[in-house]
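Enquirer: Protein chains in written order, with numbering that gives the first Met the number 0: chain E, 0 to 351; chain U, 0 to 433.
Note that these hints are calculated values from the structure, not bench results. Keep in mind that a hint or two might mislead.
Claimed, not checked - Pulled a few chain E residues facing chain U out of the computed Cβ check, cut under 8 Å:
#1 48
#2 50
#3 52
#4 68
#5 70
#6 71
#7 79
#8 81
#9 83
#10 85
#11 87
#12 96
#13 100
#14 325
#15 329
Ideal placement from N, C-alpha and C gives every residue a C-beta, glycine not left out.
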Amino acid sequence: MRIVLDAVTKQFGAVKAIDDVTLEIVDGELLALLGPSGCGKTTTLFAICGIHRIDSGRILFGDLEVSGLPPQRRSVGVVFQSFALYPHMSVSENIGFPLQVRKESKAEIERKVDEVADLVHIRELLERRPAQLSGGQQQRVAIARAIVRRPDILLLDEPLANLDAKLRLEMRSELRRLQKETGITAVIVTHDQVEAMSMSDRIVIMDDGRILQIGTPDEMYHRPSNKFVAGFIGNPPISFADGKVEDGRFVTEGLDFDLPDRIKKASVTAGQNITLGVRPEYLQPDFATPIEAEITFIENQGREALYDLTLAGGHVFRSIQSGEPICKLGDKIRWGIDADASFFFDDQGKRI
Amino acid sequence: MRHQSDRLGLAFLTPALIFVVLFFLSPVVLTAVFSFTTMSTATGISGGTYRITPSAVRSAAEKGLNPATAERLSQERYTIDDDALTRATKAGIDAEILKELERDLKGKSTDDRRSFERLLKKLDNRPNRRQVKSISPHFRTSILNQSFEDRTTLDATLENLGLDAAERARVAETSYTGWIWTSANFRRMFLQPDTYRILINTIVYVFTTLVIFNTGYAMVLAIVTFYLPGRQATVYRTIWFLPRITPPVIYVLLWKWLAWDTGFISTITGWFGVASRNWMLDTSLNAWVFVVLINGFVGASMGMIIFSSAIKTIPESLFHASAVDGAYRWQQVRHIILPQLRWPILFLTTYQTLSLLSSFELIFLATNGGPGSATEVWSLAAFHLALSNYAGNLQYGLGAAFALILVLIGITASLFYLRLFKFSEMISKPRIEH
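So that you can see chain U by itself, here it is in the shape it has in the complex:
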């Protein structure tokens, strides 16, 4: 009986589990996987080929490939061997000429096209100028700009050129056009000075918005509306809820209209002789003020709702008791309301930290990280790197590395908050008893 009901529970859970794995877990896992690759627009996300370009040879040389070997790789060679003869035969080159080449010059090779063609001209069946030009490509054995489908083919060719295993590996590494596993994304991330700028931006953005608006102002709104008469409180709450129910694009557009150089602020200040300008993108301080306001006005409404309902769960008798005990409103707020709001404050701080860390759509719409990269925050940077690179080369791997760091910061922040607010203590006993 018990076992049956256990299975039933599992059956009920299955759809949820599938969704969790599919839409929550797998994106995180894939982000982690991508962050350890060199994936970009150039490499694609499927496998690549081996292509020995001049730059691949150059970078192999930089990484310690013997210069002589590198020289050999870049050079064209003309070799008279069975392969080349077969190719030429198939291409319909005069059989007499080929026969003579096979007989007299087989195994010979020259370093450039001219000496090879000189050899041709010395043949008994001397080909004419046009024939010479058509014969020589078939005997060219340079691997420069050649593509190899897989490592084995590449290795065979390189071995023919006399490269040893270490040299072959080095060339393979630099000539591969697909993505490879690497930890270079993280190294690059930590070495770039930009990263620290973005990190500081993120901390400033999250902290300011969270403290001033998402919790601070939300708390003020909740407490003020708690003490306001019913209808006034409803009107007030509704007004503050508008930013949240407005579509983000329209909401930000309204802010842009407000701040444009022909917008509301400029028009008003224009009457007083101030030169019109884009108030949002004028200076980085202005940009920050707008970014925090835009996010804060949306965030405050959620906190207001949560705090308001939490205050409403405090038994009315506690307010009566504190009033007859002599506590005025401010003392009631300090001694009765705030201590009872520890759990909602924790919830909101955690939730809003994570949501501020990961959401960038309002900043993207408002300043897109500008002016310069003054308001470029971590998640926006990840987005820009991976999906909206100005130069056109989308660096999926590096972007994923940025995103992965964000996930780690998020988890660390949650654990920190849980400790700070003594979560285990809070769930052990009921906070409000009647």
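If we strip away everything but chain E, and leave its shape as in the complex, we get:
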């Protein structure tokens, strides 16, 4: 089902947790709300499911406006960060709870619980109590409970944050499989950009209660709308260097090169403050725009190696290269940047 948030604002006292957010969630997609903690992503999720009443704006499920409806009357399934399983109920009672409170028949509840238990592979756990389950199993139960009554939308609040690293990888693809199999519209809240990038159809990046950019993971990575998005997405992260435009060149201490044509064509004026952003993969030994620096840090990750390059002026750039490290700490090197693939931001942080 198509979900629309129209100019939604939610305030806690004087703090605007969500500030004029407008967002359309397309039927059947998995949308990730991504941002640092306190950015308003969980508040947005709770506004969609009705736990938080919004102060202004509208929320539409299909054509139905639900802004004034309590959570009980919205068709939403929620997987909470803490899973929020009912400790005194067995797994099957937990999953059947949304049906039970709707007074569905026992046989019907049993059938649906079995069906969804098969879907999330917890058939053999139905008689257990939540306390007797591992984190991953609790997660599956929480998902089963959220989708058992086929809600209009599935909301997941940091669903992987409470799992260990290995399980997180496994559940990531598992969640994606479930979402694809059921075709349910889903919103996932996360602060982990890798999670958002790998799972979702589209990503919404939020900061300070506002949406900064909406787009596919690919767009986010290759065409960030501003410095914040560029910095937030990508691991290892992008390196920035503040400089000035001088005579069609980017100039900063220890670095001075010709700006690419597309930047020159954009309205940059001489003397304008400008920020260079270089992703680690666009700084390689044989790239065109030369950069002279000292290796100040090497992290050997086996398959690839990570280098920190410190320029004469103190700017630090990062490079990632496959294979074993090719130099050692303290080496003076002369590598290159791919200026065409690099980003330039104006003094407002907007990408040029």
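Given the structure of chain E, go ahead and fit chain U onto it with the hints provided.
Expert: Relative to chain E, chain U alone:
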């Protein structure tokens, strides 16, 4: 090293242990001890003497003492023997007379004073009327109304009167004025019809107060205040907490003012032509209603606090989860709150049962068991018997027996509750995980 720390633990515990033994354990033990005695105001709590009163002889006869022997005990005898002569000499009776008595009539005894005095009058040194009167008391050997400090003295005297061992024991039993070991208190307790009345009163009182107020109404208050906005909830809780922080005497006095025949209710109903009366003590039903209300209003506040804080420990996410699962408030109460309150309900039920069973101060102040003995409950009965008897004879032993039964009921009730609420299951696993 380990041993040292063990000793340290013991050292830390010692003050607590001393207090437990002194103030918790010893009262129970002493109650048990007292309950198997005949202690009362009459016997005192230290030992007594043997005093052969007419009633002691009568009850010995009732218990099978040979009637002839009983007759002999009640009779006065005048015997001329060495003891009596010595006594008389010391008392300064004329030596000539005594000498003659010793010579001629030693060993003789008569059954009454008159025949003894007739003997005196036949003496050669005939004493005058006044002398006769002063001589005869020294030769009286009746043991009636005599006190004996211990059993040995009593036995010696009785043996002189020709009582055999069994008879002596029987007389000793009925003539002892101190307390003795007995199980009669319990027999008496179970045989008295009053006891069953008191038992039923107690059950009605504890059950009604516990179910309606201490848990039921307390739960309602806790849940209502949980869903109320913060400030309203605080005001509401504070109001319901007032009865608990008011001194009991003043609290009950307010109730009495409410119910007196010139009190609040009577004044209001008086406007509608209803004759004024003491609403609290008018009928036994009224008395019960007031007793339950008075205790319940105090009890409800404690339950409210305990349930409120227990509800607050339920993670908020469970309420969020149940709301999006479609559960409205009543369903949240039924499926989320109540199941999580099993432990506080157990605690409160156990605690309040015991406290209702053992505390009687509010009933004592309000109705003092009245009207008649309509609201006389077990603990109040124990108090009345042991410490506040209307007739003035405080029956410590019987009162202690009542109190001991109360202790046993309390222990039984706790064990029953622990089983009912599956206590062992509850402490085995955490109830709420995050």
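Enquirer: Confirm or reject each hint.
Expert: Hint check results:
no. : hint : result
1   : 48   : 5 Å, holds
2   : 50   : 5 Å, holds
3   : 52   : 12 Å, violated
4   : 68   : 12 Å, violated
5   : 70   : 4 Å, holds
6   : 71   : 5 Å, holds
7   : 79   : 5 Å, holds
8   : 81   : 5 Å, holds
9   : 83   : 4 Å, holds
10  : 85   : 7 Å, holds
11  : 87   : 4 Å, holds
12  : 96   : 5 Å, holds
13  : 100  : 4 Å, holds
14  : 325  : 48 Å, violated
15  : 329  : 48 Å, violated
Violated hints, in rising order: 3, 4, 14, 15; the structure is consistent with all others.
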